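**Q** Spelled out, the chains give:
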Amino acid sequence: MSLHVKDLSVARGGRPVLQGVSFDCAPGDALILRGPNGIGKTTLLRTLAGLQPALSGEVDFPEESGAYASHADGIKAQLSVTENLTFWAEVHGGVLDDTVLEDFDLVDLRDRLAGTLSAGQKRRLGLARLGVIGRKVLFLDEPTVSLDGFSVKMFADWLRDKHLGQGGIAVIATHIDLGLEAPVLDLTPYKAAQDAAGGSDEAFL
Amino acid sequence: MIALLKRDLALAVRAGGGFGLGLAFFLIVIVLVPFGVGPQAELLTRIAPGILWVAALLAALLSLDRIFALDHEDGSLPLLATSPLPLEAVALVKGVAHWITTGLPLTLAAPALGFLLNLQPSAYGFLLITLLVGTPALSMIGTFGAALTVGLRRGGLLLSLLVLPLYIPTLIFGAEAVRRGADGFSATNALVLQGGITLGVFAFLPFATAAALRVNLR
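Top line first, the protein sequences correspond to chains A and B.
Under our numbering, the residues of the first sequence are numbered 182 to 386, in order.
Under our numbering, the residues of the second sequence are numbered 182 to 399, in order.
Keep in mind that the hints are not guaranteed to be accurate.
To be verified - To spell it out: a stretch of chain B is covered by chain A in this simulated footprint if at least three of its residues, at any positions, have a beta carbon under 8 Å from a beta carbon of chain A; those stretches are: (1) 182-189; (2) 264-277.
Unchecked claim - The following residues of chain A were derived to be distant from chain B, with all beta-carbon distances above 10 Å: (3) Pro217; (4) Arg227; (5) Gln233; (6) Asp241; (7) Leu260; (8) Val288; (9) Gly301; (10) Ile314.
What the hints contain is simulated information worked out from the structure, not anything from laboratory work.
As the structure is a prediction and not an experimental result, all values here were calculated from the model.
Glycine included, C-beta positions come from ideal geometry on N, C-alpha and C.
The following block holds chain A by itself, in its conformation from the complex:
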């Protein structure tokens, strides 16, 4: 179980944003992505997760082991906390384990409708989804938005002990310090040249 990225170029809206991105992650490794707004962190993560095609380059990790998480949590307001988590666990062929609720401090909220949670509580619920789906390679886009300091630490602890500690891999785009001992990849040097060859659409035209 490892993640290899070689010479990856990604595009947003048919326009190349990053080119020549290469890195490797061994089991237990985390990688922090940094860079100014608009550099292409989200685009890179979506491409890695397979939600959009790469312009060129290789992404290699075992099939059916990647999971993507962004600011949109995929949480249904009309379902309770446990119903939301049970759904994602079942879709991934698992069951909801109560330790996940403890890891993300959701025990007291378990029967509340997700629509009645605060923004930070919703975010914790969204992150708890990562704990029930059993995926080894996580692509996280700003996972700590609207979390307070305590919750950030809680999430970092979970990531370190329950995910990376079990041989998982995480690629995280974030602007705050999670307190993880992880290398930081600054994306600024990979910015695509303005006159770089366009996406397939432009080549076609």
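On the provided structure of chain A, position chain B as indicated by the hints.
**A** Positioned in the frame of chain A, the structure of chain B alone reads:
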């Protein structure tokens, strides 16, 4: 797949899920027709099969834009796309869930509303059967249309324009089978053709729907 079906059904019957909206619309349209046409029992009997089918079709159309739009808004769609569930299965489940929450109640309510239009007694059985056979096709075609327009602002109108022409064959054979059955002719041909459309739609459209979703997710 079962988990997704269970969730969609639970969402449909909870607050703001839109369950019953199509049914209420169906009811109102059928009640309005005699007011518009006038109290001519004979005329109503003649147009009843067509009116019932057109109204059922429009009622099914009402909730189509919710099929994928809500999952798109809250970010469930990319998460489902990266889950072990193939998008083709997601498409199929969404179509089935829409039928259970819309097509099935419409089918069950139609005989009661046929009474309001003075439908011939011999036609009730055919009405039930054609709706049972035809409404799944309406849901699946609608799911395909919803996948094409997911992510578009005000895609609902475009969705109607895309989907309504595709409903024509189902409508023709459905209403024709009821008419022929009511008049005592054989309705087998129309019924078989309608069933064929439904089976074909369920065989091919999940793949087309998944392809449309993949393009729209980029």
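**Q** Could you run down the list of hints and mark each one as holding or not?
**A** Against the structure, the hints come out as follows:
1. 182-189: holds (count 5)
2. 264-277: Since three or more residues must qualify, the claim that chain A covers the segment 264-277 of chain B holds, with 3 doing so at under 8 Å.
3. Pro217: Check passes; 23 Å lies beyond 10 Å.
4. Arg227: Violated, because the least Cβ-Cβ distance between Arg227/A and chain B comes to about 8 Å, which does not exceed 10 Å.
5. Gln233: With a cut-off of 10 Å, Gln233/A comes too close to chain B, as the shortest Cβ separation is near 4 Å.
6. Asp241: Holds: least Cβ distance 16 Å, greater than 10 Å.
7. Leu260: The claim breaks: Leu260/A does not keep its Cβ more than 10 Å from every Cβ of chain B (closest is about 7 Å).
8. Val288: Holds: least Cβ distance 22 Å, greater than 10 Å.
9. Gly301: Gly301/A is indeed farther than 10 Å from all Cβ atoms of chain B, at 17 Å.
10. Ile314: violated, 7 Å
The structure does not agree with the numbered hints 4, 5, 7, 10 stated previously, though it agrees with the rest.
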